[in-house]
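Chain A is fixed; fit chain B onto it per the hints.
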Amino acid sequence: MHSLAFDIAHALAGSMVVLSFLLLYQDRVYALLNVFALHSLALALAVGWQAYLQDAHHLYVTAVVALLFKAIAIPTALHRIVRRLDIHRTLEVVGGVGRDMLAGAALVALAIMVMLPVTEGSNALARQDLAFALAVVLLGLLLMVNRHNAISLVIGFMSLENGLVLAAAGALGMPLVVEISVAFSVLIALIVIGVFLFRIRERFDSVDMQAMDTFREGRRK
Amino acid sequence: MLLSFLLILSVVLLAVGAYGIVAPRYPEGSHRVYATTLVICTVFLLLTAGYLAVRPQAFSLTLPFGLPWLGMHFRLDALSAFFLVVVNLGGAVASLFALGYGRHERAPERVLPFFPAFLAGMNLVLLADDAFSFLFAWEFMSLGSWALVMAHHRDPANARAGYLYLVMACFGTLALLLAFGLLAGPDGGYNFAAMRGNQMTPGLSALVLALALLGAGSKAGLVPLHVWLPLAHPAAPSHVSALMSGVMTKVAVYGFIRIVFDLLGEPVLWWWGGVVLAVGGITAVLGVLYALMQHDLKRLLAYHTVENIGIIFIGLGLALAFQANLMYFNAALALTAALFHVLNHSVFKSLLFLGTGAVLAATGERDMERLGGLIHPMPWTALAFLIGSAAISALPPLNGFVSEWLTFQAILISPELPQWFLKFLVPAVGALLALSAALAAACFVKAFGITFLGRPRSPVAAQARETDRYSLTAMFVLAGLCLVAGILPGLVIDGLAPVVGLLNGGARLASQHSQPWLTLVPVGPLKSSYNGLLLLLFMVLSAAVAAWLIHRFASDATRRGPAWDCGFPETSPMTQYTAGSFAQPIRRVFGSIVFQARERITMPPPGDQKSARLEVELHDPIWERLYEPLAGAVVMISTRFNYLQYLTIRHYLSLVFGALILLLLGMVLWR
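Residue numbers (the numbering used here), protein chains in the order written: chain A, 50 to 270; chain B, 19 to 689.
Keep in mind the hints are simulated off the structure, nothing from the lab.
A few of these clues could be false.
Selected chain A positions facing chain B (Cβ under 7 Å, derived; list incomplete) [said to hold, decoys possible]:
hint, residue
1, Met162
2, Leu165
3, Pro166
Even glycine gets a Cβ: it sits at the ideal position worked out from N, Cα and C.
Chain B with its partners taken away, still in its complex shape:
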């Protein structure tokens, strides 16, 4: 009943997309589309959250269309319900934001039809229960988001981003298709129930894992498959960027979890966890390093998504390693951490993208070097962005801290693993995680500080106005969620318990809401605990006391004086700290190795009127070492075979003939 209602809602979303084709003709069309998606996503959200809250049992449904002998299977269980909550929370907030932001859209006819369709695609991926419907919805989602990336296709950078995205999406779907083919086995059991029952040899299982990592990883943005992501996510309109970065990457994570934890089943080998852990750790650090080198606000956020996906995969890798050693309690901790981070990242990354959208709407700029001082004209946006930045930098008492802390708890109990390789690998990954958390903080000090503090660096930044009410409401809903999930993590963890139990053979974390004073005790009372409420109280009290002391003992007179200017009485905003100068120390420490960063200073000789120049040269190691040779090889091979285009009819016939004979011979010999 519930499931069929959800499916009907998805179909209604598609119908809204169809209305979106004609909507731009009406003055209120854009409003109507976004208001409808807002309502639908909210209903979806409430229903699935309610389903998670009461002890859920799985519903399934088979529709008689789709592949003739297969039909379309749909299923709602705790895992898909959790991800539905994530998707529709993002969808609802993005729709709310778009009610205001949509007015700034230059080409609404290229956004309105695809936005609801994109949402419907993501919801259907989560509900699918056979390989065909899964891949169909997955491609629907990919193409919907591709169309949104191409909304402003006249910009050559966007066209390139769209092309790269399309290529990578095809590659990812191919990998998933092969993975499902292996899972289905020789009998072709393409529905998920049959796949769960299949027994596979360890070699084939490992191949499925690798294909799932490639397929889901290319959509989620695992290094080195992330290259399309920082180009495509910023190219879309900002509320869509929020959905792509905050939500669609989570659908990819869902795909990985569904295949590896649910369909693949037993036995789990310990080195799988090692592989996933290593990939996750490298992704986390490289993602944040890339982000630090960016001065384009949206691209910075997109690279930062790569980092967070790395953190989620670290949690998943740990869970695999624990499950392989039958330590289900520890695996439950790691899984809880990963899923919690899925929720958190979708909340604060959406918040930050929406904040960027507000800035973009107010100034028309994404380049941080041309922004600055926005806290004065846009105080509320600045506050929301600050909360998001603090949350993503894992500062207590916000939600980002809780999930990263849980991940660290899972890392800290890893010495219980029997394999020596993992005993060494996990602490190394922990070090990478700690490094990336610290770098993330630096990254968001830069993002917030350069954008909102200081003085405006361009006239457009000086003339910015606060954004509209809808957008502010959307941002503050998310900011409030950051705070609530940080202070009451026990509620979220209890909500995740059925999901973890489903993936983990029934083992889950102990119920947290029964703990006194909302304390979080993941492992045991003797090991470690966290109380967000206490921390918040302490912060509020100490801040209040400090404020009181300052006001009590300091002078009340306001004195305005010149800012300290390093001894240069030059008042141009160009003399301020810039994004580039903020990133310089980190560029010197890490960039010289990872990005082969070189700085060149050109000083004109005394008496010359030319200005001095500082040139920075950065190389993208993955693009240059992996993708350029690959593209070169493809070009070389196709040039080599180009003569096949100019053969005579007889030669073509001979080729067909020869191929047929070879295949028949192969058939004879193989039998």
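If we strip away everything but chain A, and leave its shape as in the complex, we get:
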């Protein structure tokens, strides 16, 4: 039983890493949003499983918060924004898929090499979880660095935050208050970013970051 529980936790956390990889090469906005929703769902399941394993009731709340906000509310809201911005048909040029995959694999290897020696002595479950969480965070950062589109940046940021929650759930005992406030701050970030997206769109006719950069270049000179 114990080893089965461990395997399930491992699989759920691992699935988040796999979904992070999927995020890396989605070149259509809707596809990106859908994969993100899956990512958050995996997070909710992973945290819920942790709650069951650790018999920690507040983690159930965390899981529910993740499910409601990240897997349902935020993707729906972003869907709406995308439709209103009328960018659901645009394709984003993503650099070579192979290159991204290699970079991602290297990051995962790095995460494991960092985390496993550091956490020596704690239980195997927490160690795996932390390594996976760091990998998710790094992959989220890679996504943010790689993309031009503002929506993709938002998604990268949110997936990164998912990694943080995974780490917290695995690490036995981030207080619930902190968890809820983090969730709310992400929600507020979404609102702010949404408002900004419309403002940017009004000014520049585009949510492509490169357009803004050229504008800034022009002003600097």
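Leaving out everything else, chain B in the frame of chain A:
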């Protein structure tokens, strides 16, 4: 019990500072603040002096606030008690002076809150017994004095001085922070008791010494870290200048002694002493040379502080060299000399700054070229200033002579050191010390002569009035101390004995008060001895005999005639000897090398109505060779990296990402 009372007094000082915020609204507010600080400092002084006089044991106390896992530790031992005496003596006298001088303050609301806070900061530095409280109080002291420097901030020179002071203070605290970090070791034992127990490798110990020299030295004014000092000390109101120059530099010396002699502990390496000696010697000579080139009275005094700090560090360096060779008796002599000079310098430098404050209040001038003849309107100030000048020039029977003489005694027994390098270095430093003592005398002949003698060089100097009673009392208390410490040095040395014993593994100088006729015998009766009382008696007797002879055989008739005027019947005060002309020979001898001094004389052709001009060009070698390139490098690097301000979001994200990856990689590889 005593310690908690002292801490409460410090807190009361802080409360007085809080009252100082509202004090300027009341007509008597300034008086109340200074009277309270006077009382508190006097109580502090009496308690700590009494503590030193009876055989002291250390008290310590831990308060439950501060850093969560550390708390705040305080401790009173002989070393801190001695420095508390120095600080509170200066504080009490400065407060007394300010009772009168404070009336002249243009912006009391910028002085009254910070003056008590500054005093409290200095007292807390001396009582602190862990790195956190020490650095906290140290920064409190720095910021308090910075606010006082900036009291008249509309003057651009003061604003610049304040900025430079702030930069140097930050640098110094950074160095001290690193030194404490090394002392605390990997376990993070930040209280001083844990640091004393730490065993360190010689390399790390040397690093701590270097950091202590940088950190404490930048506050004390060791060359080349002295640049802020001659700008900042004169910028403050005069009683604060007295505190900064006379007292705060001593707190810095305390920091150095506490770290190097107390916390660092064994083993002491012989070349440490060499480094400190060399720095001290260079500081002494350069400080006094700079002072000689100054015509601003307060700035002259501030540069002169640099010289005296050099003398103190010569004593400390000698003590380190002796301790490294386990010659504890000789080390006791050097330490006694250094600590004695700490006390002496605080007394006479405060006295001189207060005298300058009196002159400034009477005339509104600090420039010596516009003063002169003040001995007639201000005879008492002139007398006090003269005593201070004689003391700082190390003339017997005053106190400055005793401590410099003791330093020379320590230098004279240095051939007992086994290292050849030190055998050569110490006499060279002795020569530097002798040179700086002679130059100091020249410097104060200039300061006193140009300011108080001759004829007034400006209308304000001609209309000066004697200063008020409070200020005069403050100055004469200090002048009296100069005389007492010079005639009865044995008492001071016996008072210093427990401090020296604490720093020196128990070895101290032999008790001096048991010597017959108050004679000072530091090494042995066959080597050398000094008797201030005998010297004073001789001086009084010979002067009396000379006066009697003159009055007996000379004519009684008073004859007033024209002063000798070098053949020019021109009566303008501009024809007098000036500060610049007094310094010219020394400027020619030393200045042409050290300051690259150049003089240019422009003579108009015959028949031309233009006046002849003498132009003097001086360069500050340390500012131009060290600080300007440094500032240039900082500007160049920041210009080079300026484009980082204009990157795109993606680039910033990439930078963060890259930094994170690099750090993680480093962590993996390092393990």
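So, going through the hints one by one against the coordinates:
1. Because the closest C-beta pair between methionine 162 of chain A and chain B is about 5 Å apart, less than 7 Å, the hint holds.
2. Hint on leucine 165 of chain A is violated. Least Cβ distance to chain B is approximately 10 Å, over the 7 Å limit.
3. With its C-beta approaching chain B no nearer than about 6 Å, proline 166 of chain A sits inside the 7 Å limit, and its interface hint holds.
Of the hints listed earlier, the one the structure fails to meet is number 2.
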